[in-house]
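Colleague: Here are the chains, one letter per residue:
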Amino acid sequence: MILLSVVSCNDQDNIILTPVNKTTPYVIDIPFGFPTKLNIPSDNPMTVEGIKLGRYLFYDGRISGHSEPEKQMSCSTCHLQENAFECGIDNPQFAGGKTHGVTGIPTPHYMIPLFNQVWNYSGYLWNGSVSADNPDPMRRNIESMTYLAIIAPHEMNSDTLSTVNTIRNIEGYPELFKKAFGTSEVTIDRMGKAIAQFVRTFISANSRFDQYLRGETQLTPSELNGYVLFVTEEGADCFHCHGGGGNPLFTTNLFYNNAKDSVFDDPRDRFSVTGDPMNKGAYKAPSLRNIELTAPYMHDGRFKTLDEVIDFYSGGLVYSPYVDPLMHYIISGGTRLTPSEKADLKAFLLSLTDHEFVTNPALSGPEVMPQ
Amino acid sequence: MKNLVPIIIIAIFFTMLNSCKEKDNDPGNIRLTFEEKVDGELLQTDTLKYVNEAGNPYMINEVQYFISKFTLYFNDGEFYTVKDNMGMHYIDSDIPGTKSWDIPEDIPSGRVDSIVFVFGLDEADNQSNIFPNPPESNMFWPEELGGGYHYMKLNGKYQDTTGLLAPFNFHLGIGQTYDTTGQVTGFVQNYFKVSFPLIMMSSLLVDVKPGQTTELILTMNIDSWFATPHTWDFNYWGGMMMQNQAALQAACENGRDAFSIGAMYEL
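Top to bottom, those sequences are chains A and B. Numbering of the first sequence is given in our numbering, commencing with residue 1 and proceeding in unit increments. Numbering of the second sequence is given in our numbering, commencing with residue 372 and proceeding in unit increments.
Some hints here could point you the wrong way.
[Unchecked claim] Heads up, incomplete: computed chain A residues facing chain B, CB under 7 Å, no partners named:
(1) N21
(2) P31
(3) P35
(4) I112
(5) V231
(6) E234
(7) N247
(8) R268
(9) P325
(10) I331
[As the list claims (entries may be wrong)] Sample of chain A residues with no beta-carbon within 10 Å of chain B, all distances over it, derived:
(11) P25
(12) H66
(13) G245
(14) F312
(15) D324
(16) Y329
Hints are computed from structural coordinates only; laboratory data are not their basis. Just so it is clear, CB atoms sit at the ideal spot from N, CA and C, and this is done for glycine as well.
Work out the full structure: start from the sequences and follow the hints.
Modeller: Right under this line is the structure:
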């Protein structure tokens, strides 16, 4: 990609176009069946150089701006590749998968999947509060997340000046910024852009189920029966919110009250964003890809295992006037799956694990960080 | 000179005729605007204020549906079928941008005798994975149930006999036939054509005018889905229907008179 600046245009015959930066466009190959429309801001096109910088920053604890090693925190402190970029329920640093910031303040919610976000147009976080229509320009897209993580007391608990000064003074970084953005200037905006570019490469599209859809493998009878349950209204009816063959993101990225509670007092539910009473207790339906790796489940981590989740949808639904109408099984308390059906459904869900994604070296931490 | 008069008159006549013909051939444009009504009033979502013909109190939370093969039949025997977006349009009560369809095509001008469209997608159009992007992709209808896309998702709640608000998913699409063991033996196309024979409707004249945009207002009268010819009792049919061809058939028969149309002209 060549950006040109017009140095002189007084005389049309003597327009001088000076290359100010040369970067290499990064093109996302659309996986089979995936959406063709990508959520890439026009002011942050993806480049090889930008992604490379973003990868360093994503894994660099110095981005928190803290000099004490025990206070340093990076994106990867919580977003672990082996857990599909969640922290994992068995994380020794975050007991039970409950994350907290450098000062020990817990995050308001448990983690939500951080992959296939290049296809997400419906806002980020469980309540979608970081979205394109947010009047605050610092809370609109993935680019915003770096800034928000740095300043949040329940995350890095730092300030942007400390972060910029820290990164600027690491000898290897200014050159990486220059290659990515044309000059060596280090800014929070550029850091956010670079990390967002890297995060948009977190593409999970090669689970056994994907291979089955592409005709490359066969699922077991149990997995196939589980899939039929997943996509049938009289089965488990997961697909209306969580997709399936026709929506391989395995989420609509929309928000639902899925009948977990009858009292709603979370100040960060979807209602807190929209003000629409019908959104009380509603949260984004997370992608079910890699669900095996992303326990605990729900925004508050109340379910530790997939079995608990399946049991909940099968017979633990809680009635309230705010339940999403797609939860039509609310009247009978759940889908009432048999033990055999539950086992099949679980077998199908396990076929959504993408081992290639969680071991992809291009997404792993760099062996050597800038010094 | 006297002998020239008839020639001049004939020349003027043909000149006028020619210019009229050229004017007639100038295309116009069509904008389709979609609205939903219940009991003659614009839909108010999320409020339990409606009662259907069976006496069930109900609310509507959202409605999402496709129309396709929108066709104008002109009084000169010609017809025009919209091609934009493969001739298919998705309407979503939660997405304002879907509720107007500015058809980016030159439409032949003339008096329209009738308007016909397909509610949902017909067998030729309703192919799986033709819409990779949301929101349309969220309408996919599982392969196991016939594939393609929902014709419509009409979601709401009704007050059941115990007084609870019970959700209903009035979801229309391809139906299935089953054998006695519950295995699918075949599929049933439930889409239907909606026709407005304007020539029979003296109260509505629709013209595509050269260089102008004619706005057609297509109204879905939601209460009609629950009445005529079948009085729809939610307590009988329950909250789901995707695997119940009897319900799908009855619902689609009810839908044949669920639409009305109006027209507005560019000032």
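Colleague: Now, for every hint given, state plainly whether the structure supports it.
Modeller: Hint by hint, here is what the structure shows:
1. The beta carbon of A/N21 is not positioned within 7 Å of any beta carbon in chain B (closest approach about 31 Å), and the interface hint is therefore violated.
2. Among the interface hints, the one on A/P31 is violated; its C-beta lies about 10 Å from the nearest C-beta in chain B, farther than the 7 Å criterion.
3. Given hint, A/P35 at the interface with chain B, holds; its Cβ is 4 Å from that chain's nearest Cβ, closer than 7 Å.
4. A distance limit of 7 Å between C-beta atoms decides the matter here; for A/I112 the minimum to chain B is near 18 Å, and the interface restraint is violated.
5. For A/V231, the suggested interface contact is upheld, since its CB lies about 4 Å from the closest CB of chain B, less than 7 Å.
6. Given the 7 Å rule on beta carbons, the hint for A/E234 holds: about 5 Å separates it from the nearest Cβ of chain B.
7. With its C-beta approaching chain B no nearer than about 5 Å, A/N247 sits inside the 7 Å limit, and its interface hint holds.
8. Proximity of A/R268 to chain B is violated relative to the hint, the smallest CB-CB distance being about 22 Å (cut-off 7 Å).
9. Taking 7 Å as the C-beta cut-off, the interface hint given for A/P325 holds, the closest approach to chain B being about 4 Å.
10. Because the closest C-beta pair between A/I331 and chain B is about 5 Å apart, less than 7 Å, the hint holds.
11. With a least CB separation of 22 Å from chain B, A/P25 remains clear of the 10 Å interface cut-off, as annotated.
12. Listed as a non-interface residue, A/H66 keeps its Cβ farther than 10 Å from every Cβ of chain B; the least gap is roughly 40 Å.
13. Look at A/G245: its CB is around 6 Å from the nearest CB on chain B, not clear of 10 Å, so calling it non-interface is violated.
14. At the 10 Å boundary, the C-beta of A/F312 stays outside the reach of chain B, the nearest C-beta of that chain being 17 Å off.
15. A Cβ of chain B approaches the Cβ of A/D324 within 10 Å, the least distance being about 8 Å, so the stated non-interface status is violated.
16. Against chain B, the non-interface label of A/Y329 is violated: not every CB pair exceeds 10 Å, the least being about 8 Å.
In summary, the numbered hints that this structure violates are 1, 2, 4, 8, 13, 15 and 16.
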